[in-house]
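Chemist: Construct the entire structure; sequences and hints are all you get.
Residues per chain are reported as follows:
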Amino acid sequence: MSAHQVEDRGLLRFLTCGSVDDGKSTLIGRLLFDTKTILADTLSAIAKTSEKRGLGAVDLSLLTDGLQAEREQGITIDVAYRYFSTGTRKYIIADAPGHEQYTRNMVTAASTANLAIILIDARKGILTQTRRHSKLASLVGIPHLLVAINKMDLVDYSQEVYEKIKADYLEIAGKLGIEDVRFIPLSALNGDMIVDRGDSLNWYDGPTLLEILEETPGAHTEHTEKFRFPVQYVCRPQDSANPELHDYRGFMGRVEAGSLKVGDAVTVLPNGLSSTVKAIQIGGVDIPEAVTEQSVTILLADEIDTSRGDMIVKSSEVPAAVKQIEATVCWMSETPMDRARTYLIRHTTRDSKAKLAAIDHRLDVNTLEKVPAEKLAMNDIAQVTFKLAQPLFADPYTENRGTGAFIIIDESNNNTVGAGMIL
Amino acid sequence: MTQRPTPSTLSHLDWLEAEAIHIMREVAGQCSNPVLLFSGGKDSICMLRIAEKAFRPGKFPFPLMHIDTGHNYQEVVAFRDKRAAELGERLIVRSVEDSMKRGTVVLKHEGESRNKHQSVTLLEAIEEFGFDACIGGARRDEEKARAKERIFSFRDEFGQWDPKNQRPELWSLYNARSHKGENIRAFPISNWTEMDVWQYIEREKLELPSIYFAHTRPVVIRQGAIVPVNVPLVNGELTNLPKAGEEIIDKLVRFRTVGDISCTAPVESDADNVEKIVLETATTTITERGATRLDDQTSEASMEQRKKEGYF
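Protein sequence lines, in the order shown, are assigned to chains A and B.
With this note's numbering, the residue at position 358 of the first sequence is 1232, and numbering never jumps.
With this note's numbering, the residue at position 140 of the second sequence is 159, and numbering never jumps.
I should point out that these hints are in silico values taken from the structure, not numbers from a laboratory.
Since the model is a prediction, treat every value here as computed from it, not as a measurement.
Take these hints with a grain of salt, some might be off.
Ranges of calculated distance between the beta carbons of each label pair, as one might list FRET restraints [what the hints assert, rightly or not]:
{"#": "1", "chain 1": "A", "residue 1": "K1152", "chain 2": "B", "residue 2": "S51", "range": "27 to 37 Å"}
{"#": "2", "chain 1": "A", "residue 1": "Q1264", "chain 2": "B", "residue 2": "Q93", "range": "52 to 62 Å"}
{"#": "3", "chain 1": "A", "residue 1": "K1229", "chain 2": "B", "residue 2": "H128", "range": "54 to 64 Å"}
All residues carry an ideal CB built from backbone N, CA and C; glycine is no exception.
Modeler: Here's what the structure looks like:
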């Protein structure tokens, strides 16, 4: 470690939801600009573009302008990832477009986020899309929500306006089952309360947006989790010149949740055989313990036939093997789900053929009502039941995102056509 | 009060490394014949360390491959061969010049940059070896066309990237399935920035080709850019000859990115070790490609265009 590196608080992934009208791109541009992530040549490029488009000032939202196709249409159509760092923490922003037809993009962006910023235009208050974004964020299990009431400059930085929107939101939050929600007034355009406090919001004594980001807990840090280790790859270097490696059998994977120490009693699924942890390694070098999200190699004391798709767990915390799952599904393909077809479900490193047994209901993402449904089209969210050919070792999504999530693959064209969260 | 769990939080570099290892293992687990692209540049040097952490004490479950334009810096080519030999892994080199001899690459004029023509040679090599996945060191922060790139990016039979037709990618569940002839490009260090790469090089004490560090070399100033001239090729021949009337000056420079000689330019710098480069990266005001890639500046969407044509 070099001397100029102070403290490393790891990494936080967050999501911004809202449309261009809410000032989302301006907010991201402002965060990147005020944390000095935007370098001079990029700035001069967007200044040139702003001028070409006849804009008076430099439009920070151009920083997040993406592909040629999108620029031609003047809208964002896909999730983009942006990066900045404060020196103590690295941030990955998933920037998702806000329109209704892009529910699937928001679900995609939300799947890896630990915090969602829900943008509200102070002039407009809570809109249908605010409810939709909040519901999706909670559905995908984002533990922390931050409601950013933006464009405060256009309502004379009025505390009354802010308090009214906050009260309105708390009312719907209760109905949506959202527990952890915070509020902040902002002007992304002027940079008030993003990184610097500015002079116009002196009645607000809470932290700035960046201060909130800095103190938001990282993924997997708030609850004790059961150890889950899907096996990705088995290392058997028998042909090596080194005789010590003859019996080497390393199970390689990433810890989805929990932690493991050398000597712990473990069970390998699906065969259910038990052993103890002989060694934990990274790159052939021993480490005493593996923690959540770490990619390691596990060596067991006993020889157990294990391959990709198996799961190593602690013997005291064995998950259920299920051949039928109830799940919330987001359909992502332009081709509607065909009830007669068989799909492939990929859960951790394990695949199983699956058939839809029932659609319990569809969620209308605007009214938040449960409505009956016969089929699923793109951007639909529904509660469904699948029958599986192979058992999965699953946890409820609310307990463990890693072992509660799956994707649905259409084997005819290999596309990913849906995403699911096990109830 | 019950005691709060105190799970160790991974540092940002540990997290990025763990993610990259996971991605490489997914390629190895899902694909039957992958290859790792290794150019001898800093990003691919990080990739080799990640592959060691992912697969040692075993051998890598893929060979290394370099698409050589024939216009690469000697120092980098020598480093590439040395590193592959040290690791004891197989290195495949396929050359744009062979594609030119076959007539599959035709330069518009003799001096045209061969950089974008690497796509042709890459696709030929993919076909020759039947690779179903290529692991590359591209990063999303490099260029805006890459900000929306998936970690597992699907390419059709012609190697084309269709930005409107990419598979949704959620959680860390990657879909590398492909039909024969189609191809997956996997990018384990998608989420790394230039700064992360340098910090990783510093932490892992990775060796780099000498031209990444400050050195004196003859250059000319062409349209505001520092252009290296009289650069010796591997065969000793000089390339990038100065144009008539250009004044050659000796400048203290280093390279921030290394690629085809015709389109990579150095920056003025006296940073002669990794720690100084990390500091310089923290305070620079110019983006990595803005400073140094003469090929990305042609048009606002040039990287996107090249990717659609099968570029990495």
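Chemist: Now tell me if each hint is right for this structure.
Modeler: So, going through the hints one by one against the coordinates:
{"no.": "1", "hint": "A:K1152 x B:S51: 27 to 37 Å", "result": "holds (30 Å)"}
{"no.": "2", "hint": "A:Q1264 x B:Q93: 52 to 62 Å", "result": "holds (54 Å)"}
{"no.": "3", "hint": "A:K1229 x B:H128: 54 to 64 Å", "result": "holds (60 Å)"}
The structure fails none of the hints (numbered hints given earlier).
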